[in-house]
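Enquirer: Sequential numbering from 1 applies to the sequence shown in this note's numbering.
For each label pair, taking beta carbons as the anchor points, the in silico distance ranges come out as:
no., residue 1, residue 2, range
1, L3, L231, 54 to 60 Å
2, D137, G21, 31 to 37 Å
3, Q235, L26, 44 to 50 Å
4, R6, P33, 39 to 45 Å
5, F203, N80, 30 to 36 Å
6, E228, L26, 47 to 53 Å
7, N230, K126, 37 to 43 Å
8, T74, K195, 18 to 24 Å
Restricting the straight-line Cα-Cα distance to at most 16 Å, the calculated cross-link-like pairs of lysine to aspartate or glutamate (EDC-like) are:
no., residue 1, residue 2
9, K199, E166
10, K247, E220
11, K70, D193
12, K247, D184
13, K249, D167
14, K245, D164
15, K78, E220
16, K247, D167
17, K245, E220
18, K70, D208
19, K126, E142
20, K78, D184
21, K236, D225
22, K169, E246
Since the hints were made in silico from the structure, they are not lab data. We put the CB at the ideal spot given by N, CA and C, even for glycine.
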Amino acid sequence: MHLLRRVWRSVLISFLFSVFGIGAILINYFIFPIISVFVKKENRRQKFCKTIHKTWKYFTELMKKTGLIKVNFTNPEKLNNPHGKIIVANHPSFIDIVILIGFLPNTLCIAKKEIKRNPFMGNIVKSLYLINDEDNDKMLEESVEILNQGYNIIIFPTGTRTTDGEDLKLHKGAAVMALHTGADIIPIHISCDTKFLAKHQKFYDAGDKTPTYTITVNNEIKTSDFKEQNLTQIQKRNRVNQAIKEKIKSASMN
Numbered sequence: 001m002h003l004l005r006r007v008w009r010s011v012l013i014s015f016l017f018s019v020f021g022i023g024a025i026l027i028n029y030f031i032f033p034i035i036s037v038f039v040k041k042e043n044r045r046q047k048f049c050k051t052i053h054k055t056w057k058y059f060t061e062l063m064k065k066t067g068l069i070k071v072n073f074t075n076p077e078k079l080n081n082p083h084g085k086i087i088v089a090n091h092p093s094f095i096d097i098v099i100l101i102g103f104l105p106n107t108l109c110i111a112k113k114e115i116k117r118n119p120f121m122g123n124i125v126k127s128l129y130l131i132n133d134e135d136n137d138k139m140l141e142e143s144v145e146i147l148n149q150g151y152n153i154i155i156f157p158t159g160t161r162t163t164d165g166e167d168l169k170l171h172k173g174a175a176v177m178a179l180h181t182g183a184d185i186i187p188i189h190i191s192c193d194t195k196f197l198a199k200h201q202k203f204y205d206a207g208d209k210t211p212t213y214t215i216t217v218n219n220e221i222k223t224s225d226f227k228e229q230n231l232t233q234i235q236k237r238n239r240v241n242q243a244i245k246e247k248i249k250s251a252s253m254n
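Construct all of the structure, not just a fragment, from the sequences and the given hints.
Expert: Written as structure tokens, this is what we have:
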């Protein structure tokens, strides 16, 4: 029985990711180029965001309806229509960003520069992601513009997928961006009760149990509390980083 269920779930996830891939190709090569031609430049980002939000929301619902995953939100009211926020979270699985952007409209994220070369996602990444490359000053100035326009930015400050129980080692990017832009931070903890699409795990290894994602939202971190302190920039950055780490960790205990 367990073997049959494992095989069925492997077939199911392969089918759903094929659907995701086809959708990504259509958006990448047809929908986004059409938007670029027919929508005014100042309105394109909003249209791009709306398209991906609706598509990924639908895909998340499809995964839930077919029994591939379950998703529970704790304290979702703390994510009630945020504007101009930096959203930070741990990163246990491949689909974390899909679930979060499917839940949050008007939201972009930070991506590694390698993803820009992905043939399925190239235009999507260039249109909706901030690329984390060597030109940090350029990225920070872009983030100021994006946040001031009311968009949110998701950052996984560990920089890679995490495993349950490991100590979170955060890069400085989220703290630097918060101090530079003055945007407040919404910390989120994502947990999954069984290993699913985790680091070093094959995508088709879907197991024989339906994993439940629990997404817990903690109270905002007010960046102004740190900017007013009589500290060096490095000290402020380290304190913001520590606050992010503690908030994500405490959210996991709720």
